[in-house]
Amino acid sequence: MVNNQLLSYLLLTPLIGGGLILFMPKAKENAIRYAGLFISLIAFVISLFLYAGFDQHNPGFQFTQKFLWIDNLNISYFVGIDGISLLMLLLTTFLTPLTLISTWKGGITKKIKEFTFFMLMLEVGMIGVFISLDMFLFYIFWEAMLIPMYFIIGVWGGEQRIYATVKFFIYTMFGSLLMLVAIIWLAVYASGPLGIFTTNLLDLYKVGPNVPRDIQNYMFLAFAFSFAIKVPLFPLHTWLPDAHTQAPTAGSVILAGVLLKMGTYGLIRFCLPLFPQAAVYFAPFISILAIIGIIYGALVAMVQKDIKRLVAYSSVSHLGFVVLGIFALTQESVQGAVIQMVNHGLSTGALFLIVGMIYERTHTREISFYGGIAKIVPIFSFALMFASLSSMGLPGLNGFVGEFLILIGSFKSPVLNSWWYTIFAASGVIFAAIYLLWLYQRVVFGEVKNPKLESLTDLSPREMLILVPIFFFIVWIGVYPSTFLNISAASSGRVIEQVLYPLSSLVK
Amino acid sequence: MNEFYYIIPFIILAAGILISLVIEMYFTSSEKILPWFSILTFLASGFSALFLVNNVKVVFENMLMSGGNVNFFIFIFNLGAALVTLLSIDYIKKYHTYYGEYYILLMSSVLGMSLMAGAKDLIVIFMGLEIMSVCFYALAGINRNKLKANEASLKYFLLGSFATGFLVYGMALVYGSMQNTSLEYLFLNFTKFNTNILFLAGLLFILFGLSFKIAAFPFHMWVPDVYQGSATTVSALMSTGGKAAAFSAIIVSFASVLTVVNTNVFAPYFGAIAVFSMLFGSIVAIAQTDIKRMMAYSSIAHAGYMTIGLASGNSYGVSGIIFYLAAYTFMNIGAFGIISIVEGKNDTNLTIKSYAGLANKKPILAGLLAIIMFSLAGLPPFAGFFGKYYIFIAAVKAKLTWLAIVGVISSAISVYFYIRIIVLMYFKESEEDFVIENSNTGLLSVIIAVLFVILLGIAPNSVINLISYFAK
Numbered sequence: 123m124v125n126n127q128l129l130s131y132l133l134l135t136p137l138i139g140g141g142l143i144l145f146m147p148k149a150k151e152n153a154i155r156y157a158g159l160f161i162s163l164i165a166f167v168i169s170l171f172l173y174a175g176f177d178q179h180n181p182g183f184q185f186t187q188k189f190l191w192i193d194n195l196n197i198s199y200f201v202g203i204d205g206i207s208l209l210m211l212l213l214t215t216f217l218t219p220l221t222l223i224s225t226w227k228g229g230i231t232k233k234i235k236e237f238t239f240f241m242l243m244l245e246v247g248m249i250g251v252f253i254s255l256d257m258f259l260f261y262i263f264w265e266a267m268l269i270p271m272y273f274i275i276g277v278w279g280g281e282q283r284i285y286a287t288v289k290f291f292i293y294t295m296f297g298s299l300l301m302l303v304a305i306i307w308l309a310v311y312a313s314g315p316l317g318i319f320t321t322n323l324l325d326l327y328k329v330g331p332n333v334p335r336d337i338q339n340y341m342f343l344a345f346a347f348s349f350a351i352k353v354p355l356f357p358l359h360t361w362l363p364d365a366h367t368q369a370p371t372a373g374s375v376i377l378a379g380v381l382l383k384m385g386t387y388g389l390i391r392f393c394l395p396l397f398p399q400a401a402v403y404f405a406p407f408i409s410i411l412a413i414i415g416i417i418y419g420a421l422v423a424m425v426q427k428d429i430k431r432l433v434a435y436s437s438v439s440h441l442g443f444v445v446l447g448i449f450a451l452t453q454e455s456v457q458g459a460v461i462q463m464v465n466h467g468l469s470t471g472a473l474f475l476i477v478g479m480i481y482e483r484t485h486t487r488e489i490s491f492y493g494g495i496a497k498i499v500p501i502f503s504f505a506l507m508f509a510s511l512s513s514m515g516l517p518g519l520n521g522f523v524g525e526f527l528i529l530i531g532s533f534k535s536p537v538l539n540s541w542w543y544t545i546f547a548a549s550g551v552i553f554a555a556i557y558l559l560w561l562y563q564r565v566v567f568g569e570v571k572n573p574k575l576e577s578l579t580d581l582s583p584r585e586m587l588i589l590v591p592i593f594f595f596i597v598w599i600g601v602y603p604s605t606f607l608n609i610s611a612a613s614s615g616r617v618i619e620q621v622l623y624p625l626s627s628l629v630k
Numbered sequence: 033m034n035e036f037y038y039i040i041p042f043i044i045l046a047a048g049i050l051i052s053l054v055i056e057m058y059f060t061s062s063e064k065i066l067p068w069f070s071i072l073t074f075l076a077s078g079f080s081a082l083f084l085v086n087n088v089k090v091v092f093e094n095m096l097m098s099g100g101n102v103n104f105f106i107f108i109f110n111l112g113a114a115l116v117t118l119l120s121i122d123y124i125k126k127y128h129t130y131y132g133e134y135y136i137l138l139m140s141s142v143l144g145m146s147l148m149a150g151a152k153d154l155i156v157i158f159m160g161l162e163i164m165s166v167c168f169y170a171l172a173g174i175n176r177n178k179l180k181a182n183e184a185s186l187k188y189f190l191l192g193s194f195a196t197g198f199l200v201y202g203m204a205l206v207y208g209s210m211q212n213t214s215l216e217y218l219f220l221n222f223t224k225f226n227t228n229i230l231f232l233a234g235l236l237f238i239l240f241g242l243s244f245k246i247a248a249f250p251f252h253m254w255v256p257d258v259y260q261g262s263a264t265t266v267s268a269l270m271s272t273g274g275k276a277a278a279f280s281a282i283i284v285s286f287a288s289v290l291t292v293v294n295t296n297v298f299a300p301y302f303g304a305i306a307v308f309s310m311l312f313g314s315i316v317a318i319a320q321t322d323i324k325r326m327m328a329y330s331s332i333a334h335a336g337y338m339t340i341g342l343a344s345g346n347s348y349g350v351s352g353i354i355f356y357l358a359a360y361t362f363m364n365i366g367a368f369g370i371i372s373i374v375e376g377k378n379d380t381n382l383t384i385k386s387y388a389g390l391a392n393k394k395p396i397l398a399g400l401l402a403i404i405m406f407s408l409a410g411l412p413p414f415a416g417f418f419g420k421y422y423i424f425i426a427a428v429k430a431k432l433t434w435l436a437i438v439g440v441i442s443s444a445i446s447v448y449f450y451i452r453i454i455v456l457m458y459f460k461e462s463e464e465d466f467v468i469e470n471s472n473t474g475l476l477s478v479i480i481a482v483l484f485v486i487l488l489g490i491a492p493n494s495v496i497n498l499i500s501y502f503a504k
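Protein chains in written order, with the working numbering: chain A, 123 to 630; chain B, 33 to 504.
Heads up, a few of these hints could be off.
What the hints assert, rightly or not - When the alpha-carbon atoms are kept at most 20 Å apart in a straight line, the in silico SDA-like pairs for lysine to any residue are as follows: (1) A:K289 / B:I315; (2) A:K188 / B:A491; (3) B:K431 / A:V329; (4) B:K431 / A:P315; (5) A:K148 / B:P395; (6) A:K289 / B:Y448; (7) A:K289 / B:A444; (8) B:K394 / A:P147; (9) A:K232 / B:G389; (10) B:K460 / A:Q282; (11) A:K232 / B:E461; (12) B:K431 / A:N332; (13) B:K394 / A:V277; (14) A:K233 / B:G399; (15) B:K460 / A:E281; (16) A:K150 / B:P395; (17) B:K394 / A:F145; (18) A:K289 / B:R452; (19) A:K188 / B:S494; (20) A:K232 / B:I396; (21) A:K232 / B:G399; (22) A:K534 / A:S549; (23) A:K148 / B:K394; (24) A:K188 / A:S130; (25) B:K460 / A:T231; (26) A:K233 / B:P395; (27) A:K289 / B:I318; (28) B:K385 / A:Y285; (29) B:K431 / A:L316.
Calculated directly from the structure, the hints in this document are not laboratory data.
All chains should be modelled from the sequences, with the hints used to inform the complete structure.
Listed below in structure tokens is the structure:
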């Protein structure tokens with residue numbers, strides 16, 4: 123017996139919990155911290171129940187719940203998940219408690235209550251985006267989520283935080299407003315064949331492929347533009363290094379770990395199935411942009427002086443892989459893209475956490491400041507090594523699985539139909555090894571030249587507690603990825619079918 | 033049933049005005065009684081309108097309509113005016129300018145607005161408009177010792193008279209061409225006359241006159257100066273009730289254009305003023321340093337969004353405008369309410385810099401203003417977003433997708449200056465040191481307004497059902 127209200131519980135937990143935290147006395151900082159952690163852990167436990175009750179062989183949406191919300195415009199509160207959204211949900215609820223713990227000492231020192239509140243609201247927004255099956259509902263979460271992130275960067279960020287947060291806000295808002303017009307247009311168009319104005323995604327799936335080709339192209343671009351800003355796809359990535367660098371560690375982890383995935387998730391969930399012909403038409407073009415992003419991100423990462431900025435540019439590179447995987451449109455590549463979304467959340471999340479940990483000690487992220495810390499802080503050095511290896515895709519760790527699947531998929535992709543995509547994309551793997559190993563060499567190896575580093579303390583048990591679960595899953599995915607691939611297999615198969623055979627899938 | 037039954041909201045207001053005159057004359061403590069009495073009158077009138085909302089009827093020889101969206105408009109005017117009155121109590125104390133007329137003029141202006149919404153005859157529109165406008169001219173200059181207030185009042189009066197001139201001239205042309213002033217007659221015979229150039233010119237002139245009141249480009253010149261010079265609470269009412277009343281007058285007088293398919297000969301006009309108002313308002317607001325002027329340009333931009341609904345010329349457009357006006361009323365009263373609380377004596381603390389560090393000084397005020405700014409910028413889950421969504425649906429349905437696209441571009445531009453206020457409040461430290469006087473009634477009013485902003489954003493269902501039922 124599947125409990126269909128589980129998703130609503132998952133959504134309400136951080137919402138109500140965050141509301142309650144607002145009423146806690148400001149001075150009781152530790153109580154607020156533990157309350158925030160407790161609430162986010164409940165959310166994680168609920169998502170484990172979702173995993174337990176999930177039927178992996180069913181490609182459709184499960185745990186669906188629907189009731190009419192605004193009847194005049196036929197907008198309903200309609201939620202449900204498939205394998206892809208389940209993985210994203212697990213990632214979200216897994217990372218949120220860890221990032222909350224990471225802020226306990228030194229990370230966030232002022233306005234603890236507000237910070238915890240905004241983090242929980244952010245979690246509400248992320249969960250909402252991944253479970254919405256009504257375009258209107260999705261858009262509400264998609265936009266509303268900007269508000270907490272805006273405050274997290276703006277209040278608790280670095281020196282250039284205001285510039286970064288305003289840039290982030292206007293960039294994303296501009297993209298999503300065009301999507302809003304496209305959503306409305308599609309809903310109005312749907313009232314022709316369906317006889318009713320609707321934003322229900324499952325209904326729109328039936329309408330989308332029949333939209334005239336020229337308009338479908340515009341619609342696809344409006345959606346893709348919005349998601350590409352979020353991903354971010356080259357050349358729309360310029361908000362990302364600023365936002366990442368200026369955000370507090372917890373903000374960067376959530377930003378890299380989950381928020382960027384909302385872009386790629388949106389591409390899989392909306393762009394491909396709604397506008398299949400346009401997606402196939404634009405696939406080579408977007409794949410080329412993705413490959414430019416892979417190489418450009420890696421090259422720019424190489425020359426960064428700031429560790430966090432380096433990791434930020436590596437995100438541009440890694441997300442390029444994900445987009446390539448999505449638009450190669452084969453079962454392997456989409457599966458690889460989905461698992462790579464999880465991988466990037468884990469490994470880049472870990473990298474940001476590690477950078478945050480050393481920043482809390484030295485208050486600088488300049489690479490040249492460091493050097494030779496392997497002897498002083500061996501555990502830290504090991505953690506950085508581990509996360510870097512995972513990020514560059516060492517076989518046996520998680521990154522390899524995703525990149526390998528994407529490269530195989532794009533190699534034999536009938537849509538792209540050329541080896542060159544794979545050849546250029548594969549060079550990104552080599553570049554990743556270069557910039558990460560070079561970073562590691564400059565920070566960890568060599569002689570200790572800076573006397574300030576002598577007094578560095580190694581990772582505390584609390585910090586290890588944050589990293590160990592992440593590392594555990596990094597190894598798990600690397601050694602036995604089937605656990606996770608199986609979750610999304612049926613769903614990504616369905617997406618491929620919707621795109622490549624839009625008309626036959628309609629018959630079903 | 034007796035026709036008077038249907039106009040109870042009007043009667044309550046009129047009786048309230050007369051009684052207030054007596055109170056003002058005979059009670060020395062009228063400063064304490066009058067505001068509460070007028071709030072009571074507003075609420076009584078507003079809720080009686082809501083109560084009678086299902087009794088749609090045209091009364092008094094086709095002069096006045098009651099029930100339906102007319103009553104919804106009356107409800108919004110009254111609720112808005114009640115909130116403004118609540119704000120005024122402490123604001124007036126701050127300036128030491130108590131005149132009993134203030135509240136009486138507020139009530140009279142609401143009576144004028146209600147007449148405009150209920151008009152079924154061109155003459156009634158004119159009457160309502162003049163009652164409202166004359167009250168506003170006087171209210172703008174109520175602080176008679178202040179030079180800026182005098183300037184605002186005179187400017188508003190001169191330009192307003194000019195606009196009224198257009199309106200009356202237009203009415204004369206319409207009357208001349210169809211030998212009737214009834215709007216019902218106009219509605220039924222629109223297709224008969226719409227080749228008559230004088231008739232169309234007359235309607236266009238009426239539209240000019242009303243465009244002035246909704247503060248749309250290019251009839252916006254008065255807006256920044258008047259909003260800045262008038263008392264902040266008066267600006268709150270002018271920017272909400274005044275605008276809503278003018279929109280209601282456009283909706284009633286152009287009902288034939290807006291609800292009968294393929295008759296919208298004014299679509300290019302509406303489209304043009306929508307585009308220019310949105311873009312002009314949003315872009316010029318960025319350059320403002322005075323918060324009241326910024327709100328004035330934002331008001332011009334919002335007039336543009338609502339005009340999209342007129343350009344669409346379908347029932348979605350009409351109900352979209354009404355919903356947007358309701359949302360906008362609460363947003364703007366909230367915003368001007370906070371401005372009036374933060375404002376110091378003698379027009380101090382009115383630059384946007386005064387809001388730097390407000391989150392530390394007054395966290396509740398800052399939180400409320402942040403919600404209002406997000407809502408004005410059109411972010412979900414607040415009322416402003418839903419209003420825009422509705423309007424854009426109307427535009428796309430009318431095959432005016434380009435207008436919706438211009439709308440979203442202008443929204444994206446306007447985000448910048450709304451967000452700037454939040455940046456100042458939350459991310460900057462305050463530069464000037466000043467004390468913000470507590471105002472319990474003012475805060476109450478703002479909290480009610482913000483609650484409506486949230487409520488209309490999360491649960492717009494019942495309001496939309498009501499509006500769209502009557503808009504069809």
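* Given the hint that K289 (chain A) pairs with R452 (chain B), does the C-alpha gap stay at or below 20 Å? -> Holds: K289 (chain A) and R452 (chain B) sit about 12 Å apart, inside 20 Å.
* Asked: Has the given pair, K150 (chain A) with P395 (chain B), been kept, meaning a C-alpha gap of at most 20 Å?
  -> holds, 18 Å
* 20 Å Cα cutoff - pair K460 (chain B), Q282 (chain A) -> The given pair, whose Cα atoms are some 12 Å apart, holds under the 20 Å limit.
* Asked: Do the alpha carbons of K232 (chain A) and G389 (chain B) lie within 20 Å of each other, as the hint requires?
  -> Given pair K232 (chain A), G389 (chain B) holds - Cα atoms ~15 Å apart, limit 20 Å.
* Starting from K394 (chain B), check that the Cα of V277 (chain A) is at most 20 Å away, please. => Given pair K394 (chain B), V277 (chain A) holds - Cα atoms ~16 Å apart, limit 20 Å.
* **20 Å limit on alpha-carbon distance, applied to hinted pair K431 (chain B) and L316 (chain A)** => Satisfied, since the Cα-Cα distance of roughly 19 Å is no more than 20 Å.
* Asked: Regarding the pair K289 (chain A) and A444 (chain B), is the alpha-carbon distance no greater than 20 Å?
  -> holds, 12 Å
* Asked: If you draw a straight line from the CA of K534 (chain A) to the CA of S549 (chain A), is it 20 Å or shorter?
  -> With a Cα-Cα distance of about 18 Å, the restraint between K534 (chain A) and S549 (chain A) holds, given a limit of 20 Å.
* **Satisfaction of hint between S130 (chain A) and K188 (chain A), Cα-Cα up to 20 Å** => Measuring from Cα to Cα gives roughly 10 Å; hence the hint holds.
* Asked: Is the straight-line distance between the alpha-carbon of K289 (chain A) and that of I318 (chain B) 20 Å or less?
  -> holds, 15 Å
* Asked: Is the hinted pair K431 (chain B) and N332 (chain A) satisfied, with a Cα-Cα distance of at most 20 Å?
  -> Roughly 19 Å between the alpha carbons, so the hint for K431 (chain B) and N332 (chain A) holds.
* Asked: Is K188 (chain A) close enough to S494 (chain B), meaning Cα to Cα at most 20 Å?
  -> Holds: K188 (chain A) and S494 (chain B) sit about 19 Å apart, inside 20 Å.
Consistency note: the structure conflicts with none of the earlier hints.
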